[in-house]
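Listed below are the residues making up each chain.
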Amino acid sequence: MVMVNLIVILLIGGLLAILSERISDTMPRKVAMAVVLADLLYLLICLSGMPEITQLQAPVANDPSTWLMHFKADWIPAFGISIELALDGISLLMVLLTLVLGAIAISASWTDIVVRKGFFEANLLWSLAGVLGVFMALDLMLFFLFWEVMLIPMYFMIAIWGHENRGYAAMKFFIFTQASGLLMLISILALVAVNHSGTGIWTFSYFDLLNTEMAERTAHWIMLGFFIAFVVKLPGFPFHTWLPDAHTQAPTAGSVILAGILLKTGAYGLIRFAVPLFPEAALNFSYPAMLLGAAGVVYGAVLAFGQTDFKRLIAYSSVSHMGFVLLGIYAWNELALQGAVMQMVAHGFSTAALFMIAGSLQERLHTRDMREMSGLWQQMPRMGAVAMFFVVASLGLPGLGNFVAEFLVLLGLFQINVWITVVAATGLITGAAYSLLLMQRSFQGEVNKKWANYGLIDFGSREMLTMAVMMIALIVLGIYPQPVLDAAQPVLQSLLELTASPTVDVVEVAQ
Amino acid sequence: MNATMFSSLAPILILSLTAIVLMIQASVKRDQSVAWVITAVGFALTLWGASYARDFTQPVTILLQVDHWSLFFTSLITLASLVILVLSRDTFSPEGERKEEYYLLLVLSVLGAVVLIQSSHMVSLLLGMELMGVALYAMIAFPERGQLPLEGAIKYLVLSACASAMLLYGFALIYAATGELSYAGIGAKAAAAFAVNPMLIMAGSAMVLAGIGFKLSLAPFHMWTPDVYQGAPTPVTGFLATVSKGAVFIALSRFYMDGALYQYSGLNTALVVLAVASMLVGNWLALRQENIKRLLAYSSIAHFGYLLVVLIALAHLDAGLISQSITFYLTAYTVTTLTAFAVVSTVAGEDPAKQDISAFEGLFWHRPLEASALTVAMLSLAGIPLTAGFMAKFFVITVGIQSDLWGLLAVLVVGSAVGIYYYLRVIFAMSKSTEGDGQSANHLEKLLVLALLASILVLGSWPQPFIAYVGGL
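From first to last, the protein sequence lines stand for chains A and B. Our numbering applies: residue 1 is where the first sequence begins, and numbers increase by one. Our numbering applies: residue 512 is where the second sequence begins, and numbers increase by one.
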């Protein structure tokens, strides 16, 4: 029930946020913040009764009783669809990330949103609820439902509170993800139909569908449907084109949720569903997938280098960083997978922070064009210092979370394929180039006279507090990543065992 | 005929009686509100009649087949007609105009639809279709002033006449080949006749298909749809989109199933062509529409294309899942489309300028209930989870996968992806910030919109009871 409550609290919180607007104009954001923090607290209290994460036994992938939590109730028994939620180390990490970044997003919306605040906070909370559902649902139909429904509040956030070109961006975002979602729906139904024809049972449960026997060709096509849906969301090259528009046009809180959390649902889907459900088909497909990942790393970095729009640059850098995740997943060994999970968490924080800085700049300067910014450090030293921190985090400075992540991915990948590793490693260099360029153009250099008498206000205590949370998170991840690795390790271990034999083949072929 | 047959015919008899009472009332005292009440009571009694007749399911002569399936659809279209009736009250009550005949036409048209649903014979099929159609011509052209209704009615009249002519010619060819007019008789004899003279059966069925294709506005027989949808008064458009098309589709499914026509691959190919063309043409042409009624017209073309996939699967699957899917899809489609037209009717009325998508801007902020209902209806038409439309699409895809219709499914995905664009345009327009008037609908209409909204969500989020019920039909 804990998992159901987590979602329901957010859904009801959304309604409260709308209603609270009648009390006062500033009430919705307070309500929303309280709801998210309460949700987080509730989860932590429930977890405290559980065994230490570090002492977790490895959950057996197809035995729900070994998972941290498991909940199942009938929903549409006619088709074997149930409300099945479960939590293991990886989903727990993602759920925690979601709630923490949710609170950060609400903080980002504190002054950014000026109209229809109640409805905005409600949409924010509802999209968080949808994401939580995605990370916990283990009935494929329920997963699909959350996958699709979480987009609707996101669509509204972009379409109503977005920037100048919001209509186009919201539409593009929705169509890309919906169309790929339909492919996934067909894949899900095809998988269920294959299982039904073999066993005579209608079931959408992940635990029943693991080890479904099917012809190699069938598995290949069904896997491809999942793959495309997840890679569009990730986003992987060449399906990334919705991302720069959506991220750039979304309001700050929307960008934080999009980049920080929504992208991770794609990676999570690959780790949880696309590979384990079709181990052979997916790992036979690992070379094309890794090539796409490497292409994403390089292409994203090159395009980021060419941007003049502050937010667009960060958006393209996300494409580059998520390329590492794709590489890590399809290298499919423990090191690389650890790196991918680490990258999901670390990128969540670093990008969220950068988007918040971009939002703060836009709120103050009313532009995102870096050609008009220069020397802002002098007027806003605190913001400049914070930006510097997250820029170097994003470019992979050792000692911070992103470095650990990318290093682990490259290390794992090196065992699989040296050349792809070499290509991907260039992403670290180009990453340094565009990240420092961002810093130079906006915060360093001569002071642009335009802003001299503009009365720019530096970060206040609320902003500094929010930033501090993310800074501490990145430093801890960088210096002492063990808790995250420990949480993910047993899960990854059991997934690797589940798919054991094909992995060996791939490694042998590679060497 | 024996006594229980009259019980089986309860819905038809009650509707006929309602029509007679309305005629008598018009000759005694012409009064709009009395006519409205009589019609409402008539529909309510018909609903009761449909549930009463459930204990007397049987073939009634060779013309009609009263079974649970047809009685379910009788109830569904009667309910839909009640919704239309509520919407019609304001549309047709301008001061000083006498509009009682509208209710008579509505009742007659519903009667035709019920006959069509229960038909098991080509004669009753034609009778039902004509009764429904002829009443509809007059309903479309009912507003005395204005060119659009007249244009729509004339187009519908001429093309329907062509369709009926094709239908009749098709019947004649099939009769020439088999010597039978009842579906079951055709099913029994067509195989033998096909062996002797395949062209006669093929040509005959193709003509029937074309005739029915006109009524369902399947591409390439869809030309009349947008003009008629736009021209007709909004409640009548809603009636045409749900009751009329639903009844014709049921008749087609019965003809196809009982006549065992699915065993001829030539006909299946023809259906595949119609389905693909409808999915693509409907979605493609909807993209550029500015008028929401025209948009819904093209969307309905696409939706009947999706539904045809289920009928095509009949060649591969047993009828149980197929009829279940048809039932769910048509129910979901009816509820969703009625919601959309109910909102258009209450918000835009009969003013063509207010029916533009741009006229819906800001609706979220001055009329949240109607805007939410239209949003959910659009999401349902687009097939987003938690709405009835998603479960409907779920059925279609499940059936398609089980029959290995991968090509059709690919077209369905492309069509749906294109469709999302124009459904979202409506939602996007409503979410824009504008200054607007805060006028609101009357309570009855608000209640109606709320009920329809709730049924879309219940069908989509908790479909188990309904699926179980449909499975038992």
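Do not take every clue at face value.
[Claimed, not checked] Each pair of labels, with its calculated beta carbon distance range:
{"hint": "1", "chain 1": "B", "residue 1": "Gly860", "chain 2": "A", "residue 2": "Gly198", "range": "52 to 62 Å"}
{"hint": "2", "chain 1": "B", "residue 1": "Ala864", "chain 2": "A", "residue 2": "Glu446", "range": "53 to 63 Å"}
{"hint": "3", "chain 1": "B", "residue 1": "Leu798", "chain 2": "A", "residue 2": "Leu11", "range": "25 to 35 Å"}
I should point out that these hints are in silico values taken from the structure, not numbers from a laboratory. The beta carbon of each residue, even a glycine, is placed where N, CA and C say it ideally should be.
Outcome of the hint check:
1. B/Gly860 <-> A/Gly198: 52 to 62 Å: holds (56 Å)
2. B/Ala864 <-> A/Glu446: 53 to 63 Å: Since alanine 864 of chain B and glutamate 446 of chain A have Cβ atoms about 55 Å apart, the given range 53 to 63 Å holds.
3. B/Leu798 <-> A/Leu11: 25 to 35 Å: At 34 Å between Cβs, range holds.
Of the numbered hints given earlier, the model fails none.
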